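Here the protein sequences line up with chains W and X, keeping their order. Position in the first sequence (from 1) plus 73 gives the number in the numbering used here. Position in the second sequence (from 1) plus 107 gives the number in the numbering used here.
Accuracy of the hints is not assured; some may be wrong.
[Stated by the list, open to error] From the derived model, a few chain W residues whose C-beta atoms are all more than 12 Å from chain X:
id	residue
1	P99
2	R258
3	D274
4	R357
[What the hints assert, rightly or not] Selected chain W positions facing chain X (in silico; Cβ < 8 Å):
id	residue
5	S94
6	M117
7	A121
8	M227
Hints listed in this document are in silico derivations from the structure and should not be mistaken for laboratory results. This one's a predicted model, so the numbers in the text were calculated from it and none came from an experiment. Glycine included, C-beta positions come from ideal geometry on N, C-alpha and C.
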Amino acid sequence: MLEVKDLVVTAGGVRIVDGVSFEVRPGEVLGMVGESGSGKTMTMLAVAGLLPGPARITGGTAALYGTELTEARLERIRGRRIGFVFQDPATSLNPLMRVGAQIAEVLRIHGLGRTAARRRAVELLEQVGIGPERARVYPHELSGGMRQRIVIAMAIALRPALLIADEPTTALDVTVQEQIMRVLRAAQRETGAATVLVSHDLGLVSEAAHRIAVMYSGRLVETGTADEVLGAPRHPYSAALMRSRPRIGAGRGPLPVIPGHPPAPKSRPPGCAFHPRCPVALARCAQEVPPLAGGVACWAVQDG
Amino acid sequence: MSAGRTAPRVLRAGAVWLVRLVVTVLGVLTLLFFLLRLSGDPAAVLVGPGGSQEDIDRVRTELGLDLPLWTQYGTFLGDVARLDFGVSPHTGEPAISAVLARLPLTLQIVGATLALAVLVGVPLGMLAAARARHASARAVTAAASIAQAMPNFVLGLLLLLVFALWLGWLPSYGAESPLHAVLPTLTLAAFTVARVVRLVRAGLLEAIEQDFIRTVRAKGGGRLRALARHALPNAFPPVLAFLVVDSAYLLSSTVIVEQLYAYDGIGKQLVDAIFQRDYPIVQATVFVVAVLVVAVSAIGDVLGALVDPRVRREAAG
Ligand SMILES: Nc1ncnc2c1ncn2[C@@H]1O[C@H](COP(=O)(O)OP(=O)(O)OP(=O)(O)O)[C@@H](O)[C@H]1O
Ligand code: SF4
Ligand SMILES: [Mg+2]
Chain W
74 MLEVKDLVVT AGGVRIVDGV SFEVRPGEVL GMVGESGSGK TMTMLAVAGL LPGPARITGG
134 TAALYGTELT EARLERIRGR RIGFVFQDPA TSLNPLMRVG AQIAEVLRIH GLGRTAARRR
194 AVELLEQVGI GPERARVYPH ELSGGMRQRI VIAMAIALRP ALLIADEPTT ALDVTVQEQI
254 MRVLRAAQRE TGAATVLVSH DLGLVSEAAH RIAVMYSGRL VETGTADEVL GAPRHPYSAA
314 LMRSRPRIGA GRGPLPVIPG HPPAPKSRPP GCAFHPRCPV ALARCAQEVP PLAGGVACWA
374 VQDG
Chain X
108 MSAGRTAPRV LRAGAVWLVR LVVTVLGVLT LLFFLLRLSG DPAAVLVGPG GSQEDIDRVR
168 TELGLDLPLW TQYGTFLGDV ARLDFGVSPH TGEPAISAVL ARLPLTLQIV GATLALAVLV
228 GVPLGMLAAA RARHASARAV TAAASIAQAM PNFVLGLLLL LVFALWLGWL PSYGAESPLH
288 AVLPTLTLAA FTVARVVRLV RAGLLEAIEQ DFIRTVRAKG GGRLRALARH ALPNAFPPVL
348 AFLVVDSAYL LSSTVIVEQL YAYDGIGKQL VDAIFQRDYP IVQATVFVVA VLVVAVSAIG
408 DVLGALVDPR VRREAAG
């Protein structure tokens, strides 16, 4: 059970994540979607305490099973209670270390003996569909898909309570994407971890996620079950996002796109950040930030 | 990857190394042979200012200097193959033994310099990177910049002045005891250690920005583990490449440093030999140094391949 409340992340004086709250229950997959730069990665890095240099948490809390995730606590439980799968498997492994040793390392860090760790690393390799003889190869000897399996094996090694996968398939070939998602979902089901799946790919999210959170310009604009958000989005941005999604058999016409660009956090418009692009904007939208109420942050929905 | 291919790979690397050794040593010695023959008449020098033309001619015949150049070159190559560089006309000792007798003293200060580079330079570089904004790290970086910019004869004179003449803590010349090696080593090591500090610092600062460091942190690894176990090996190749090139530079720097401290290694011996036109000593020294330089670069290749599996694969072809 992950609870995030009013999370604020600031970089260079700008709030790149601006008051985000959500929950993920055990065994549940939360799909986090939104255009590039909307703050999905920063939100999840903040939860895991892995923010890059200039970015800092400046407000809010995150708690795992009721225990607040302070920096000190995160230092102890990262890798054990929280597993992280990154976007680019080409760069997320140490090129100078055998992959088996890299999997074993997470077990060693959290107290397993050398031989036990090695044995368990081989089991994990098998669990993600890699032969045990590959434990002794180096990352450059593996394909992107294989490397991502290694990263998944490391993330689930200690059966974490929270599994975060940030665009786990974006950097991979289309043919491999499906395999990796199968591996990831199997691992998720097997460990029962509360899971956050960050992705641009609505198709992928609709298959894997129970619930969905939509982000726009550092804020959460809609949450709900996958059926609700995908089937009947209420926020004008979510609705536009769903319409822009390619569908099989939906005809050949050009995909509808949302006119305009998402704002950079430092030039975020006042009020509802979406208002310059919103087809149904009201007068107050440019002045007041709509709160997330009943799963939607929109004045038109709340007042209408 | 498999054990079966390891043996031929090692053999092949060994063969490449041998060819490199022969080509380098032969090239250097050939160049030296002709330069020496063009630079004046050793017979006249040996006989001295008071000698008659007959004396000079006699010495010339004894040394074979009256024969055609190509004949001399052929004889010379044959001698080199037998490691026979002739006898020093001044001491009567075989040149190669004279050089090998002095070699340990030079290896002592060059080896100590390389050891300092690794044992002091690497940790200081790590400190400078780990606490990049801290005052201690800035002091280390600034000191490294100064040490790196200072020519070693200036530094040598400075150290001599302070530690030998003013404080009297260390001997100022000679090579009788290990204490005598301290000032020459410090003089040689300043640049090397400073450069290693800067290379390690820069390499680590680059490496800790890499995604795989974040992965280590995500696994629960502490900052120290990320830095020492993961970033450091990835910062190692440029340091190694520098140390290989620098070893050759250090060997040539001993010419100045040993002279400054009257330290009896092969650097000082070489300078003395040049002034006395002692060809056998000069040639034997050049031979030994060329072999050392090739050997160091072979060791560098082996270490590089040990650290980086991608290099290992390239080397295997
Ligand atoms: N290292 C950084 N330092 C400062 N600001 C950053 C850094 N990385 C990203 N940002 C800013 O944070 C904002 C959110 O970025 P984030 O990477 O979380 O977006 P995202 O939703 O994950 O996008 P994408 O879909 O492209 O991965 C961006 O607007 C970006 O300008
Ligand atoms: S709050 Fe206003 S501008 Fe924002 S989405 Fe709703 S209607 Fe559009
Ligand atoms: Mg992202």
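Minimum beta-carbon distance criterion (8 Å), M117/W to chain X: violated, 11 Å
Does the claim that R258/W lies outside the interface with chain X hold up, using a Cβ gap greater than 12 Å? Given a closest Cβ separation of 20 Å, the condition holds.
Are all beta-carbon distances from R357/W to chain X longer than 12 Å? R357/W is indeed farther than 12 Å from all Cβ atoms of chain X, at 41 Å.
Minimum Cβ distance from A121/W to chain X below 8 Å? holds, 7 Å
Mind checking the CB of M227/W against every CB in chain X and telling me if the closest is under 8 Å? holds, 6 Å
Grab the minimum C-beta distance from S94/W to chain X and call the hint holds if it beats 8 Å, violated otherwise. violated, 24 Å
Is P99/W truly not at the interface, in the sense that its beta carbon sits beyond 12 Å from all beta carbons of chain X? holds, 21 Å
Claimed clearance of chain X by D274/W, with the beta carbon kept past 12 Å: holds, 21 Å
Hint compliance for this structure: hints 5 and 6 are not met, and every other hint is.
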